[in-house]
Amino acid sequence: MRMLAQEEEHDDSAEVTWEDQQRINSFSKLNTRLRSIEESIQELKQEKEALDDISMELELADEDQPVMYRIGEAFVHMPHPRAVKRLEKDLAALNAELEKRSASASECEKQMKELKVILYAKFGRAINLDE
Amino acid sequence: MSTTFTENQERNPRGIPKAPFIADVAEFLGPDPNPENALKDFQAALAKYRYMDQNLTQRRRSLEDKIPDIKKTLSMVEFLQERREGKKALGGEEGTDDDDSDLEENDTSTKPLTTTFELNDTLYAEAQLEDTDTVYLWLGANVMLSYKIPAAVALLRSKLESAQNSLTTVVEDLEFLREQITIMEVNTARVYNWDVKRRRELREKSEAKDGAVEGKGS
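These protein sequences, in sequence, are chains A and B. For the first sequence, my numbering begins at 310 and goes up steadily by one. For the second sequence, my numbering begins at 5 and goes up steadily by one.
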């Protein structure tokens, strides 16, 4: 915990109302939510990189050769065109998911910023909302 | 003074008690304030909340591990189903508007499906799958059952849905818990600050009194 010097203590005259408490709660909730969304976005980005690598490989690969495409945990031998189609479908689904998560992340950040402004205005140094 | 605020409290749908919000510290502590006891109670309640938080976080992690597994199994079974439907469409009709069937023709639908599957970690083997309408699903606890493909798809979908619903519930509970922990932490901070202020005021008052007494005496 951070100790304030006595001169900085005059801030404690700001009483914490129920609305303030709810704002603090919301901030905490959004913070936790944002962190877990960012983690999942990282994972999705890695998957996307992998799929992008695959699409490059498929472009270079021989079109007559069967392609081993991973479904679940096992690989299925399928003709090149089918693999390309399936890859497109998977990539589209992944991008849609990534978009959705990024949108919720920005929404969280926006709300957090608003709450920060209000809470810092009222409590000043008596509250800490940053990492 | 309310030392037993953890009983007869409101609870959320899963039975997690709500933390009391202190509107006014002096009023909460009452006519005979005992901040040490209040702080002790808060710490005890915080410990309980943190323990619940740990449990829920564990459950959430295990659900988050299970869900991708179910998705993988489901996608494989759906793939098998698509293949069967593609073949049936070829056999029954002359032309379909599914361009997949064009690919199927090159695929020679009578050829079995070749897969490379994981025999062991880093060890893969090739297998040929014959056309089949049955799959076997591992249900855990050393139990495996055979299902027709549509039934397997239905079962996996329902498992996936219930896992996702549980995950949503657990996440909700975790957020609720986080709120209660925050409230308790804020309460602790305010009671502590109030106590520090009060002690300082008492000390200043008694010093002023001593000073006045000495002034009178000298």
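Keep in mind that the hints are not guaranteed to be accurate.
[To be verified] Lysine to aspartate or glutamate pairs mimicking EDC-like chemistry, simulated, CA-CA at most 16 Å apart:
#, chain 1, residue 1, chain 2, residue 2
1, A, K394, B, E86
2, B, K163, B, D69
3, A, K394, A, D361
4, A, K338, A, E406
5, B, K91, B, E122
6, A, K338, A, E440
7, A, K338, A, E423
8, B, K91, B, D57
9, A, K338, B, E122
10, B, K76, B, D135
11, B, K152, B, D135
12, B, K76, A, E408
13, A, K357, A, E418
14, A, K398, A, E348
15, A, K338, B, E176
16, A, K398, B, E86
17, A, K409, A, E348
18, A, K409, A, E324
19, A, K338, B, D135
20, B, K75, A, E440
21, B, K75, A, E423
22, B, K22, B, E122
23, B, K75, A, E406
24, A, K357, A, E408
25, B, K76, A, E324
26, B, K70, A, E382
27, B, K75, A, E418
28, B, K92, B, D57
29, B, K201, A, E408
30, B, K76, A, D361
31, A, K398, B, E179
32, A, K338, B, E82
33, A, K431, A, D361
34, B, K76, B, D28
35, A, K357, A, D399
Hints were generated in silico from the structure; no laboratory data involved. Please read these numbers as outputs of a predicted model, since none were measured by experiment.
Hints, verified against the model:
1. A:K394 / B:E86: Cα-Cα ~14 Å, so holds.
2. B:K163 / B:D69: Judged against 16 Å, a Cα distance of about 14 Å means the pair holds.
3. A:K394 / A:D361: holds (14 Å)
4. A:K338 / A:E406: Measuring from Cα to Cα gives roughly 22 Å; hence the hint is violated.
5. B:K91 / B:E122: violated (27 Å)
6. A:K338 / A:E440: The hint holds at about 15 Å.
7. A:K338 / A:E423: Between K338 of chain A and E423 of chain A the Cα gap is close to 14 Å, so the pair holds against 16 Å.
8. B:K91 / B:D57: violated (51 Å)
9. A:K338 / B:E122: violated (41 Å)
10. B:K76 / B:D135: Not satisfied, since the Cα-Cα distance of roughly 20 Å exceeds 16 Å.
11. B:K152 / B:D135: Distance ~12 Å between K152 of chain B and D135 of chain B Cα, so the pair holds.
12. B:K76 / A:E408: violated (22 Å)
13. A:K357 / A:E418: violated (24 Å)
14. A:K398 / A:E348: violated (24 Å)
15. A:K338 / B:E176: Between K338 of chain A and E176 of chain B the Cα gap is close to 10 Å, so the pair holds against 16 Å.
16. A:K398 / B:E86: Roughly 14 Å between the alpha carbons, so the hint for K398 of chain A and E86 of chain B holds.
17. A:K409 / A:E348: holds (14 Å)
18. A:K409 / A:E324: violated (39 Å)
19. A:K338 / B:D135: violated (51 Å)
20. B:K75 / A:E440: The given pair, whose Cα atoms are some 35 Å apart, is violated under the 16 Å limit.
21. B:K75 / A:E423: Violated. K75 of chain B to E423 of chain A sits at ~38 Å, over the 16 Å cutoff.
22. B:K22 / B:E122: violated (49 Å)
23. B:K75 / A:E406: Distance of about 15 Å is within 16 Å: holds.
24. A:K357 / A:E408: At roughly 12 Å apart (the allowed maximum being 16 Å), E408 of chain A and K357 of chain A satisfy the hint.
25. B:K76 / A:E324: With Cα atoms ~53 Å apart, K76 of chain B and E324 of chain A exceed 16 Å; violated.
26. B:K70 / A:E382: Cα-Cα ~14 Å, so holds.
27. B:K75 / A:E418: violated (30 Å)
28. B:K92 / B:D57: violated (52 Å)
29. B:K201 / A:E408: violated (50 Å)
30. B:K76 / A:D361: violated (20 Å)
31. A:K398 / B:E179: Cα-Cα ~34 Å, so violated.
32. A:K338 / B:E82: Violated, at about 38 Å.
33. A:K431 / A:D361: The hint is violated at about 48 Å.
34. B:K76 / B:D28: Answer violated: K76 of chain B to D28 of chain B is near 54 Å, above 16 Å.
35. A:K357 / A:D399: OK: K357 of chain A and D399 of chain A at ~9 Å, within 16 Å.
In terms of the numbered hints stated before, the structure departs from hints 4, 5, 8, 9, 10, 12, 13, 14, 18, 19, 20, 21, 22, 25, 27, 28, 29, 30, 31, 32, 33, 34, listed from lowest to highest.
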